[in-house]
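Sequence lines, in order, name chains U and S.
Going by our numbering, the first sequence opens with residue 42, and the numbers climb by one from there.
Going by our numbering, the second sequence opens with residue 42, and the numbers climb by one from there.
Pairs count within a copy or across copies, as identical chains cannot be separated in the list.
Straight line, CA to CA, 20 Å or less: simulated DMTMM-like cross-link-like pairs of lysine to aspartate or glutamate:
#1 K89 with E113
#2 K89 with D142
#3 K89 with E138
#4 K89 with E183
Simulated from the structure, these hints should not be mistaken for laboratory data.
2 protein chains.
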Amino acid sequence: MRMAELSAESGVPVATIKYYLREGLLPPGERTSPNQARYDREHVRRLKLVRALLDVGGLSIARVREVLDGIEEHDDIHKVLGTTQRALELTRIAVDEPTRDWAMDLLVKVAEERGWQLRPDNPVVESAVGTLGAFAALGRTELVERLAGYAELADQVATLDLAGVRGLPERETVVEAAVVGTVLGDALFAALRRLAQEHASATTWPTLPGRP
Amino acid sequence: MRMAELSAESGVPVATIKYYLREGLLPPGERTSPNQARYDREHVRRLKLVRALLDVGGLSIARVREVLDGIEEHDDIHKVLGTTQRALELTRIAVDEPTRDWAMDLLVKVAEERGWQLRPDNPVVESAVGTLGAFAALGRTELVERLAGYAELADQVATLDLAGVRGLPERETVVEAAVVGTVLGDALFAALRRLAQEHASATTWPTLPGRP
DNA sequence: CATGATCGGATAGTGGAACTATCTATTATG
DNA sequence: CATAATAGATAGTTCCACTATCCGATCATG
Numbered sequence: 042m043r044m045a046e047l048s049a050e051s052g053v054p055v056a057t058i059k060y061y062l063r064e065g066l067l068p069p070g071e072r073t074s075p076n077q078a079r080y081d082r083e084h085v086r087r088l089k090l091v092r093a094l095l096d097v098g099g100l101s102i103a104r105v106r107e108v109l110d111g112i113e114e115h116d117d118i119h120k121v122l123g124t125t126q127r128a129l130e131l132t133r134i135a136v137d138e139p140t141r142d143w144a145m146d147l148l149v150k151v152a153e154e155r156g157w158q159l160r161p162d163n164p165v166v167e168s169a170v171g172t173l174g175a176f177a178a179l180g181r182t183e184l185v186e187r188l189a190g191y192a193e194l195a196d197q198v199a200t201l202d203l204a205g206v207r208g209l210p211e212r213e214t215v216v217e218a219a220v221v222g223t224v225l226g227d228a229l230f231a232a233l234r235r236l237a238q239e240h241a242s243a244t245t246w247p248t249l250p251g252r253p
Numbered sequence: 042m043r044m045a046e047l048s049a050e051s052g053v054p055v056a057t058i059k060y061y062l063r064e065g066l067l068p069p070g071e072r073t074s075p076n077q078a079r080y081d082r083e084h085v086r087r088l089k090l091v092r093a094l095l096d097v098g099g100l101s102i103a104r105v106r107e108v109l110d111g112i113e114e115h116d117d118i119h120k121v122l123g124t125t126q127r128a129l130e131l132t133r134i135a136v137d138e139p140t141r142d143w144a145m146d147l148l149v150k151v152a153e154e155r156g157w158q159l160r161p162d163n164p165v166v167e168s169a170v171g172t173l174g175a176f177a178a179l180g181r182t183e184l185v186e187r188l189a190g191y192a193e194l195a196d197q198v199a200t201l202d203l204a205g206v207r208g209l210p211e212r213e214t215v216v217e218a219a220v221v222g223t224v225l226g227d228a229l230f231a232a233l234r235r236l237a238q239e240h241a242s243a244t245t246w247p248t249l250p251g252r253p
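Work the whole structure out from these sequences, hints included.
If you want it as structure tokens, here you go:
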């Protein structure tokens with residue numbers, strides 16, 4: 042397979058493929074002569090993965106490279122997932138000290154309840170605290186009453202997530218499935234949640250009208 | 042309150058506030074003379090909302106404007122939520138016809154199971170189909186077996202979401218709470234899901250090592 | 001009431017990200 | 001052998017979210 046075919050197969054323009062090659066998102070093709078190369082299904086597959094991470098996952102080029110490098114090294118699934126989670130760089134919002142402390146306390150309490158262990162260097166903890174802080178800054182503190190409920194549901198979702206990667210044949214498959222599941226999983230669940238919200242909203246307020 | 046104080050209060054630079062004013066993300070202050078204006082707590086609050094939508098929600102300036110305009114008009118909570126969901130513009134990925142059909146069939150089946158009604162002009166449906174298509178393109182079709190499970194959990198999450206906005210005093214509060222909940226809720230649940238995944242992963246593969 | 005800081009508003013500039021286009025020298029193909 | 005495609009290098013483009021600079025008016029202070 043040559044460049045033009047790879048482009049046609051994947052739907053990615055030639056110039057863009059060259060850009061991804063330069064950026065290290067796509068391994069170079071197999072050389073057939075000093076300035077010619079050949080590509081295969083693996084390249085098509087990788088290209089689809091890159092587009093999914095970019096378009097669906099909303100990652101930047103630099104983050105995609107980090108994730109892919111993590112898959113490549115694949116010495117420990119936890120490390121790969123750690124890299125992936127870091128690459129997703131959820132939230133980074135500034136919040137004042139008291140709000141931050143409030144949010145951290147809240148999270149610690151819920152985590153204890155669920156048996157989660159929070160390591161302070163975990164960027165996900167930062168994200169969660171930042172998001173909780175943003176809620177608080179907007180006056181939505183009644184969230185507290187529901188947080189434990191969300192945490193319990195998150196546990197159930199995570200169990201389903203794990204079921205999806207358990208029992209896969211090869212370890213590289215496991216790693217890649219975990220990455221895909223992590224990145225695309227958010228987008229999928231968010232969409233399902235919207236549909237469910239619409240349904241719930243329509244049944245709760247069948248024809249809630251204009252002003253009170 | 043004048044510009045400098047508004048900036049100090051919100052942590053947003055003066056130049057940026059002016060930019061938001063130009064872009065219509067922040068209503069103009071109350072005129073005290075032809076070229077002076079005064080701002081109040083509402084402006085601080087709005088500014089925090091804007092930053093949350095930008096930083097946590099990851100919306101673009103243009104999308105934030107759409108959402109805010111939706112809140113302003115607030116004639117029907119469903120319309121506001123519709124605008125918000127459109128503004129979140131989840132996924133937009135190209136997928137070939139057969140894959141698309143497969144994904145749509147799958148989604149329709151699950152929606153019927155749950156009593157959700159899918160209107161074809163709903164952009165969320167587009168998102169869901171695109172994401173499912175991306176999974177399929179990457180060979181992760183075993184997702185099918187778990188989709189109904191995710192949908193059920195999405196229903197439960199949505200029920201919790203609704204509980205958070207029900208019983209709020211004023212209707213503008215309801216609308217704003219719904220918007221905040223929709224945008225920040227994704228970020229929060231994604232973070233919780235990560236923490237839960239780490240927990241589940243650590244207990245499933247306590248010390249899963251290098252290569253097989 | 002003078003004067004220096006701050007203001008609103010207009011306009012222009014900046015830096016990063018993700019491509020996209022052009023060029024050159026080579027290689028493949030009918 | 002003529003035409004087209006290729007790899008690789010470099011430069012250019014577009015969009016976005018700011019950021020900086022000016023200007024003339026206004027405020028706050030002594």
